[in-house]
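The listed protein sequences derive, respectively, from chains A and B.
So for the first sequence, our numbering puts the first residue at 7; every next one is plus one.
So for the second sequence, our numbering puts the first residue at 9; every next one is plus one.
Please note that a few of the clues may not be correct.
Said to hold, decoys possible - To give a feel for the contact side, a few chain A residues facing chain B, derived at Cβ under 7 Å:
1) C53
2) G126
3) S133
It should be emphasised that the hints constitute simulated quantities derived from the structure, not laboratory data.
This one's a predicted model, so the numbers in the text were calculated from it and none came from an experiment.
Glycine is no exception: its CB is placed at the ideal position from the N, C-alpha and C atoms.
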Amino acid sequence: MMRFMLLFSRQGKLRLQKWFTSMSDREKKKIIRDMTTMVLARQPRSCNFMQWKDLKIVYKRYASLYFCLGVESQENELLALEIIHRYVELLDKYFGNVCELDIIFNFEKAYFILDEFLMGGEVQETSKQIVNRSIEASDMLQEDDSSEWYEVELFG
Amino acid sequence: MALRRMPAPIRLRELIRTIRTARTQAEEREMIQKECAAIRSSFREEDNTYRCRNVAKLLYMHMLGYPAHFGQLECLKLIASQKFTDKRIGYLGAMLLLDERQDVHLLMTNCIKNDLNHSTQYVQGLALCTLGCMGSSEMCRDLAGEVEKLLKTSNSYLRKKAALCAVHVIRKVPELMEMFLPATKNLLSEKNHGVLHTSVVLLTEMCERSPDMLAHFRKLVPQLVRILKNLIMSGYSPEHDVSGISDPFLQVRILRLLRILGKGDDDSSEAMNDILAQVATNTETSKNVGNAILYETVLTIMDIKSESGLRVLAINILGRFLLNNDKNIRYVALTSLLKTVQTDHNAVQRHRSTIVDCLKDLDVSIKRRAMELSFALVNGNNIRGMMKELLYFLDSCDPEFKADCASGVFLAAEKYAPSKRWHIDTIMRVLTTAGSYVRDDSVPNLIQLITNSVEMHAYTVQRLYKALLDDISQQPLVQVASWCIGEYGDLLVSGQCEEEEPIQVTEDEVLDVLEGLLVSNLSTPVTRGYALTAIMKLSTRFTSVNRIKKVVSIYGSSIDVELQQRAVEYNALFKKYDHMRPALLERMPIMEKTASNGPTEIVQTNGEAEPSVVEAKHPPPVTQPTNQANDLLDLLGGNDVVPVIQTTVPTKPASAGGELLDLLGDLSLSGGPAPAPATSVPSSQPAFLLDGLTSPPLFNDIAAAGIPPMTAYNKNGLKIDFTFERANPNPNIAVITIHASNSTEADMTDFVFQAAVPKTFQLQLLSPSSNVVPALNQGTVTQVIRVLNPQKQQLRMRIKLTYTHKGSAVQDLAEVNNFPPQSWQ
Numbered sequence: 007m008m009r010f011m012l013l014f015s016r017q018g019k020l021r022l023q024k025w026f027t028s029m030s031d032r033e034k035k036k037i038i039r040d041m042t043t044m045v046l047a048r049q050p051r052s053c054n055f056m057q058w059k060d061l062k063i064v065y066k067r068y069a070s071l072y073f074c075l076g077v078e079s080q081e082n083e084l085l086a087l088e089i090i091h092r093y094v095e096l097l098d099k100y101f102g103n104v105c106e107l108d109i110i111f112n113f114e115k116a117y118f119i120l121d122e123f124l125m126g127g128e129v130q131e132t133s134k135q136i137v138n139r140s141i142e143a144s145d146m147l148q149e150d151d152s153s154e155w156y157e158v159e160l161f162g
Numbered sequence: 009m010a011l012r013r014m015p016a017p018i019r020l021r022e023l024i025r026t027i028r029t030a031r032t033q034a035e036e037r038e039m040i041q042k043e044c045a046a047i048r049s050s051f052r053e054e055d056n057t058y059r060c061r062n063v064a065k066l067l068y069m070h071m072l073g074y075p076a077h078f079g080q081l082e083c084l085k086l087i088a089s090q091k092f093t094d095k096r097i098g099y100l101g102a103m104l105l106l107d108e109r110q111d112v113h114l115l116m117t118n119c120i121k122n123d124l125n126h127s128t129q130y131v132q133g134l135a136l137c138t139l140g141c142m143g144s145s146e147m148c149r150d151l152a153g154e155v156e157k158l159l160k161t162s163n164s165y166l167r168k169k170a171a172l173c174a175v176h177v178i179r180k181v182p183e184l185m186e187m188f189l190p191a192t193k194n195l196l197s198e199k200n201h202g203v204l205h206t207s208v209v210l211l212t213e214m215c216e217r218s219p220d221m222l223a224h225f226r227k228l229v230p231q232l233v234r235i236l237k238n239l240i241m242s243g244y245s246p247e248h249d250v251s252g253i254s255d256p257f258l259q260v261r262i263l264r265l266l267r268i269l270g271k272g273d274d275d276s277s278e279a280m281n282d283i284l285a286q287v288a289t290n291t292e293t294s295k296n297v298g299n300a301i302l303y304e305t306v307l308t309i310m311d312i313k314s315e316s317g318l319r320v321l322a323i324n325i326l327g328r329f330l331l332n333n334d335k336n337i338r339y340v341a342l343t344s345l346l347k348t349v350q351t352d353h354n355a356v357q358r359h360r361s362t363i364v365d366c367l368k369d370l371d372v373s374i375k376r377r378a379m380e381l382s383f384a385l386v387n388g389n390n391i392r393g394m395m396k397e398l399l400y401f402l403d404s405c406d407p408e409f410k411a412d413c414a415s416g417v418f419l420a421a422e423k424y425a426p427s428k429r430w431h432i433d434t435i436m437r438v439l440t441t442a443g444s445y446v447r448d449d450s451v452p453n454l455i456q457l458i459t460n461s462v463e464m465h466a467y468t469v470q471r472l473y474k475a476l477l478d479d480i481s482q483q484p485l486v487q488v489a490s491w492c493i494g495e496y497g498d499l500l501v502s503g504q505c506e507e508e509e510p511i512q513v514t515e516d517e518v519l520d521v522l523e524g525l526l527v528s529n530l531s532t533p534v535t536r537g538y539a540l541t542a543i544m545k546l547s548t549r550f551t552s553v554n555r556i557k558k559v560v561s562i563y564g565s566s567i568d569v570e571l572q573q574r575a576v577e578y579n580a581l582f583k584k585y586d587h588m589r590p591a592l593l594e595r596m597p598i599m600e601k602t603a604s605n606g607p608t609e610i611v612q613t614n615g616e617a618e619p620s621v622v623e624a625k626h627p628p629p630v631t632q633p634t635n636q637a638n639d640l641l642d643l644l645g646g647n648d649v650v651p652v653i654q655t656t657v658p659t660k661p662a663s664a665g666g667e668l669l670d671l672l673g674d675l676s677l678s679g680g681p682a683p684a685p686a687t688s689v690p691s692s693q694p695a696f697l698l699d700g701l702t703s704p705p706l707f708n709d710i711a712a713a714g715i716p717p718m719t720a721y722n723k724n725g726l727k728i729d730f731t732f733e734r735a736n737p738n739p740n741i742a743v744i745t746i747h748a749s750n751s752t753e754a755d756m757t758d759f760v761f762q763a764a765v766p767k768t769f770q771l772q773l774l775s776p777s778s779n780v781v782p783a784l785n786q787g788t789v790t791q792v793i794r795v796l797n798p799q800k801q802q803l804r805m806r807i808k809l810t811y812t813h814k815g816s817a818v819q820d821l822a823e824v825n826n827f828p829p830q831s832w833q
């Protein structure tokens with residue numbers, strides 16, 4: 007299974023954190039520190055895999071964002087790269103030419119999309135279309151909420 | 009009084025924009041604090057309208073690293089709300105802010121239960137997702153039934169989520185696995201890929217956790233093979249296509265499940281043979297996704313009971329991976345080859361040259377894997393070539409690799425060295441190029457190796473001397489060199505080297521170098537110890553004894569306690585015990601190795617012409633009984649005796665003054681073992697034995713302390729007397745010398761004395777003077793026993809005697825209870 011997924015910028019600012027096992031805040035902060043340090047220190051044309059304690063770290067850079075997955079040792083690293091890529095594609099489809107700013111300003115949407123793609127550290131849905139359709143349908147449910155009772159826009 | 013309405017809390021995006029304008033950390037913190045205060049008061053007002061917005065803002069600030077736990081209860085309120093928007097943010101907040109360590113998370117359970125039964129599938133989905141990501145064991149126990157229900161639904165959107173939720177439940181509460189078994193019945197007949205995929209994950213989890221489940225699910229192999237076949241053979245499916253491959257995620261998971269099911273089972277392995285071959289040969293390898301599938305296939309082939317043809321195919325795929333331009337593929341290949349190198353050694357050997365080339369790769373991860381794999385491939389046939397490459401690697405690699413590489417080189421050299429000269433040269437090369445990175449335990453190992461390479465002594469000491477002239481900063485090199493010079497300095501100055509051009513060096517030059525080590529800032533205290541002892545040893549090999557005496561006396565007042573002690577001892581050796589000095593400082597005999605990384609145990613003396621001293625022994629760890637001691641235990645049957653460590657008899661009789669030298673045998677006066685007692689003697693060593701090594705009981709008069717001797721055994725003509733001494737530094741140690749005499753007309757040969765004591769004691773038995781007790785009381789065999797008695801209990805001993813007398817083997821057991829009180833009080 008995957009243990010965590012982190013997104014961070016080239017300056018090491020965290021943009022998304024998904025944890026698939028229960029951990030204390032201190033442990034999480036340490037992992038974030040370690041991952042950002044390790045990944046940002048890598049040479050540009052290095053391979054995308056590292057060993058960290060008993061986990062394999064799979065990372066890939068897309069524009070200004072680093073996507074970093076910590077997976078258990080029996081996981082297929084090459085497939086993990088495909089998982090990262092699939093997530094980026096999903097974001098891209100949703101936001102239309104996604105960039106880091108989209109994820110900064112709509113972080114909750116990034117989480118919602120992730121939660122339709124992965125769950126409990128495993129891939130939940132392998133079809134791009136189904137994930138997209140689920141997100142669209144959920145978004146529409148939200149609009150139903152707001153149009154029924156409130157004029158105020160809850161999300162800017 | 010007019011109630012002033014609170015202004016509406018600012019929107020999420022506006023907050024984000026504002027915070028991003030902060031130019032310093034302090035400015036940001038100020039903004040955050042201000043907003044948090046506003047949010048707190050908004051929460052206090054119990055305002056439903058803006059709760060969602062406020063929690064969302066809180067989550068953003070949490071991501072920046074600021075504390076947000078005051079929002080936890082608000083998340084719970086959102087989850088309980090009827091609005092989907094609220095629930096969405098509420099569940100997200102719960103996943104980010106709550107965790108199972110805090111009891112408050114349990115408040116979610118009821119909400120989740122309700123939402124699992126909600127009429128809207130997206131609400132059910134939220135509940136399943138949250139439970140499946142962070143559900144605690146208690147929550148899982150409470151809600152497993154609901155999950156199980158949903159696992160049987162026909163709604164594929166919910167079914168796939170329920171499957172992964174079940175996986176989480178099983179991980180948290182393994183005992184609940186059974187209850188999901190019925191629902192797995194027709195999971196694989198689903199057409200929906202999402203459900204198929206998560207079902208395979210669920211089945212995998214169950215099989216990994218329970219051998220019974222594994223056996224039960226083996227029958228699914230044909231079905232899995234069919235599904236995989238369909239995926240490969242089916243045409244283009246836009247929904248699942250990734251670069252021309254249909255649903256690679258599902259393919260990989262199926263391959264992984266097949267691996268688990270086929271492992272160790274002939275029938276299952278055979279059933280999947282064809283499909284594996286098909287995947288291995290037909291998968292498109294131009295993109296990462298195809299290689300991901302190939303990689304998983306290779307892992308499966310190697311793990312199950314596949315035919316040899318298939319295995320060779322797999323290894324060849326890995327070989328091709330090694331030549332791939334893509335670094336990731338090369339890395340993955342090396343990792344897999346490392347896993348298979350034990351089982352399919354010859355097949356992997358064929359790719360040796362490619363693997364060795366990877367040592368030169370620029371990528372750090374690849375280099376490390378290549379290094380590990382290279383060491384695994386070294387054998388007697390390729391040692392010279394491989395070592396050349398590995399030494400070159402050692403020269404040029406990053407510091408992070410040097411220690412491991414050096415250790416690997418030493419190990420490989422030890423196992424497969426084609427000649428002693430080659431071995432010494434290799435060690436020299438490592439010491440000179442990576443000398444500061446070698447591990448501490450290498451030093452005694454190397455010293456032992458050098459000692460045993462008798463014909464190479466002159467060559468070795470010459471090379472080491474030259475290395476010292478170049479560089480004295482690398483401590484392991486310096487230590488080994490000092491020791492060698494101390495030991496073989498005579499060969500150095502006499503220019504006896506045969507292997508290469510002998511150098512001209514005088515005694516003074518050698519002493520200059522050693523003294524230089526003593527004063528250099530680069531030398532560690534351990535190194536200084538080596539240097540001083542080496543200088544001392546040269547007093548019997550060089551003629552310039554006066555110079556040495558001077559150096560030794562100077563260090564008698566050194567601030568370093570270790571150096572000071574040595575200097576004082578050596579001084580005493582010059583003054584009071586000068587007659588013993590030559591014998592004490594003699595050449596070391598060959599040491600026989602027990603294990604390459606373990607403590608060395610000196611078992612026999614060498615066959616050199618000079619009479620050899622019963623050499624300094626490393627007291628073997630008390631925790632490792634020898635076979636003889638085990639026998640003793642068996643025989644005595646008691647649980648209260650501690651096994652004795654028996655050091656075996658030297659093949660040559662000890663030189664004159666045997667008893668004294670036996671006692672001296674503890675003292676490591678040569679530079680080898682003593683300077684590094686911490687490294688060569690394992691830490692389980694009881695402290696008192698080390699006391700015996702470093703402090704010199706001999707140089708104080710060992711007062712007999714008036715303890716009367718006793719007869720411990722007297723039967724069939726064999727009499728064993730005990731005499732007592734106290735080792736002065738430690739009054740808890742009694743030193744007993746046994747004297748065995750034989751009044752019969754025939755010699756007692758192959759004489760072995762063994763002893764055992766109750767658990768509260770500790771015992772050390774040193775080498776006997778001989779294993780023949782001559783007839784008619786013409787001589788005695790003596791042996792020293794040291795007993796540690798920290799609790800001052802009454803000393804008891806069981807002894808076992810074996811010997812051959814007039815052609816027949818004799819064995820006897822006895823208890824010794826008549827120890828005089830002074831020996832243990």
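Point to revise | Violations among the numbered hints | key: Checked against the structure, no hint fails, so every one of them is satisfied.
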